[in-house]
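S.K.: In order, the protein sequence lines correspond to chains S and H.
Here full-length UniProt numbering is used: position 281 in the first sequence is 281, and no number is missing along the way.
Here full-length UniProt numbering is used: position 91 in the second sequence is 91, and no number is missing along the way.
Keep in mind that a hint or two might mislead.
Unchecked claim - Using 25 Å as the maximum straight-line C-alpha spacing, the simulated SDA-like pairs for lysine to any residue come out as follows:
#1 K100(H) with F196(S)
#2 K98(S) with R132(H)
#3 K69(H) with Q194(S)
#4 K69(H) with T200(S)
#5 K170(H) with I182(H)
#6 K283(S) with I182(H)
#7 K98(S) with I328(H)
#8 K105(H) with W193(S)
#9 K98(S) with N53(H)
#10 K87(H) with K102(S)
#11 K102(S) with D55(H)
To be verified - Chain S stretches covered by chain H per the calculated footprint, using a threshold of three residues with CB under 8 Å from any CB of chain H:
#12 182-193
#13 197-209
To be verified - Just the calculated beta-carbon pair ranges, DEER-fashion:
#14 E278(S) with S314(H): 57 to 65 Å
#15 I113(S) with A169(H): 49 to 57 Å
#16 T9(H) with I113(S): 38 to 46 Å
#17 S138(H) with K283(S): 19 to 27 Å
#18 K170(H) with S275(S): 41 to 49 Å
The set of hints was computed from the structure by calculation and includes no laboratory data.
Even glycine gets a Cβ: it sits at the ideal position worked out from N, Cα and C.
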Amino acid sequence: MIAKEPLNVKRVGAGRIPLAPIRKWLLIGTALGFLGVFILIPLLVVFTEALKKGIELYFAALKDVDALAAIKLTLMTAAIVVPLNAIFGVIAAWAIAKFEFKGKNILITLIDIPFAVSPVIAGLVFVLLFGSQGVFGPFLETNNIKIIFSIPGIVLATIFVTFPFVVRELIPMMQEQGSEEEEAAITLGASGWQMFFRVTLPNMKWGLLYGLILCNARAMGEFGAVSVVSGHIRGLTNTVPLHVEILYNEYHFSAAFAVASLLALLALVTLVLKSLVEWKTRKNG
Amino acid sequence: MGIKIRNVTKAFGTYTAIQDINLQIQKGDFVALLGPSGSGKTTLLRLIAGLENLDAGKIFFNGIDYTAKTVKERKVGFVFQHYALFKHMTIFENVAFGLKVKPRKIRPTKKEIKEKVMELLKFVQLEHLADRYPAQLSGGQRQRIALARALAVEPEVLLLDEPFGALDAKVRQELRRWLREIHQKLNITTIFVTHDQEEALEMADTVVIMNHGKIEQIGSPEEVYEKPANAFVYSFLGKVNEFKGESLVTNFPHVKGTEEAVGYIRPHEIVLHQQSNENSIPAVVIHINKAGSTVRFELKRLDTDELFEVEMTSDHYKKQGPFHKGEILYAEFKNIVLFDRKTNSIQTEKNVQGEVVSAISSYMS
Ligand SMILES: Nc1ncnc2c1ncn2[C@@H]1O[C@H](COP(=O)(O)OP(=O)(O)OP(=O)(O)O)[C@@H](O)[C@H]1O
Ligand SMILES: [Mg+2]
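Construct the complete structure from the given sequences, taking the supplied hints into account.
M.R.: Right under this line is the structure:
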């Protein structure tokens, strides 16, 4: 699962508190037990269920036309959403961390909205805006642009849901670093772009990468918001999570778990990358 | 490059950090901006560099109006208080930065850059550290690299914000001498910020004393030390004992101080005796500190219970002493400077015999 931390909170190593051994092991045991029941076992179930009917059926489920289409759509969505979030995230974080302006607090609050509202509601908002009965519906219809129940809608909904990851990762980091290095670059004759690419960006690269990894994981795994705007058109507007749901509802259990195992794998890869970046950041910081 | 600052004001929100400042700096001058914390030294330095926008006034470089020029156009070298070295670059890359970001037309070749950087690193005596990262350097080394980096682009003005603030006493002493040498060699107009009066008086050719966003006095170290413009400068440039009101009027009858007057006496201008004489005031010894070449006493006046400090050389102490904690001594105030509390300017300077001392020179002896 993805941690939702409040803005401006720095991750720091917890202080060591002396505790009696029994209490210590009780605490550790509870935490591990909880993790086991709620995370480890479900993960194992996904893989065992997926492979229950043999490895051939497993791959057959993945090679199915609709499954491939769903995988393609998911990858494509991520390929659009992640770079866009990188750009918007960097711009928003920079504006917030380095400048003082009116309405800054409102902006910070707005950035948190995607985490605060239910993804289903986020999806509904887009339907209300761009659907045929929506605010821009007539305009879109006359110009023959389709957003809801098609790919642009999925991309929009995914951007909305994943936007905070990069920004929230970068703001505390940039605030902590301050502007001195950037000012030094400017006094040495650098232009704004040179400053950005040679000083600002290298300084935030690990934070940015961290945010992008989480953003990518969510972009590929998002269900609620996408489900509302997608229309579940098989082979066209089904992403991987939606496809899993359809397969499951149609009682293709092993196929459903097989496709789901892809998402589980993604989660594992994400965790490994995330730890690598964390380790790297700590080493460089 | 000569710099002229005319009626410059800068406010942060409702707080005025720089208030209508006028200052002229000659080409090749070595200037210290001296003042207590929060007096606006950094802000003034950043205004000169263009890192801060001013609210009113004008800044001229060599007689040309530079008020609207960008930081880049001003071509100043700026050394930040915490060095602001680029963490992700090696020392070599740090120093080379200013050369590498030049527009292609005027950018030196790779070879030229390398030569220039190595020359600068040699100049700051750190060529062996070229491949290290800033995190692997000591504070003093970082400071020298920050200076080398600023010098790489051959600025005509060098601005340094508390260049030695974060360093220990010994390294600081070394770097002070070294910075003076660099100024002598390159002769670029240099302005540095400090809140250490000793540093300012020792290093600078011109000292600018600031307080509450205003300039209190500008002058050579001798001028500001010997002819302080007002009570603030006098008390900021050295230790003082302050007496005012009752304790001034009744106990220094010869001084004829008024209620508005504040009297300042430097600790080394008080002589301690074991016998009373007509001008002395009895006081009890609270504390004696004998470490170093001067011996410092803390005493309490028996009449008013006021604490004051006295200093004498250890040679002198050996002849006179030893004194002990709790002992009653008689303090003779050799020199007192009176300031008008309202106008903050010098009223008169008198010795305790009531004679007006024509110039404030006696307290150097
Ligand atoms: N960016 C800013 N926003 C708001 N107030 C500021 C800002 N920069 C400086 N100030 C205020 O302006 C005043 C002068 O600050 P400045 O940094 O120039 O002082 P200073 O003389 O350099 O002090 P120090 O010796 O502590 O560095 C201070 O009261 C400070 O709080
Ligand atoms: Mg300062």
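S.K.: State for each hint whether it applies.
M.R.: Checked hints:
no.: 1; hint: K100(H) with F196(S); in the structure: holds, 15 Å
no.: 2; hint: K98(S) with R132(H); in the structure: violated, 29 Å
no.: 3; hint: K69(H) with Q194(S); in the structure: holds, 19 Å
no.: 4; hint: K69(H) with T200(S); in the structure: holds, 23 Å
no.: 5; hint: K170(H) with I182(H); in the structure: holds, 19 Å
no.: 6; hint: K283(S) with I182(H); in the structure: violated, 37 Å
no.: 7; hint: K98(S) with I328(H); in the structure: violated, 61 Å
no.: 8; hint: K105(H) with W193(S); in the structure: holds, 18 Å
no.: 9; hint: K98(S) with N53(H); in the structure: holds, 16 Å
no.: 10; hint: K87(H) with K102(S); in the structure: violated, 32 Å
no.: 11; hint: K102(S) with D55(H); in the structure: holds, 19 Å
no.: 12; hint: 182-193; in the structure: holds (count 9)
no.: 13; hint: 197-209; in the structure: holds (count 4)
no.: 14; hint: E278(S) with S314(H): 57 to 65 Å; in the structure: holds, 58 Å
no.: 15; hint: I113(S) with A169(H): 49 to 57 Å; in the structure: holds, 54 Å
no.: 16; hint: T9(H) with I113(S): 38 to 46 Å; in the structure: holds, 41 Å
no.: 17; hint: S138(H) with K283(S): 19 to 27 Å; in the structure: holds, 21 Å
no.: 18; hint: K170(H) with S275(S): 41 to 49 Å; in the structure: holds, 44 Å
Going down the numbered hints, you'll see the structure goes against 2, 6, 7 and 10, while the others check out.
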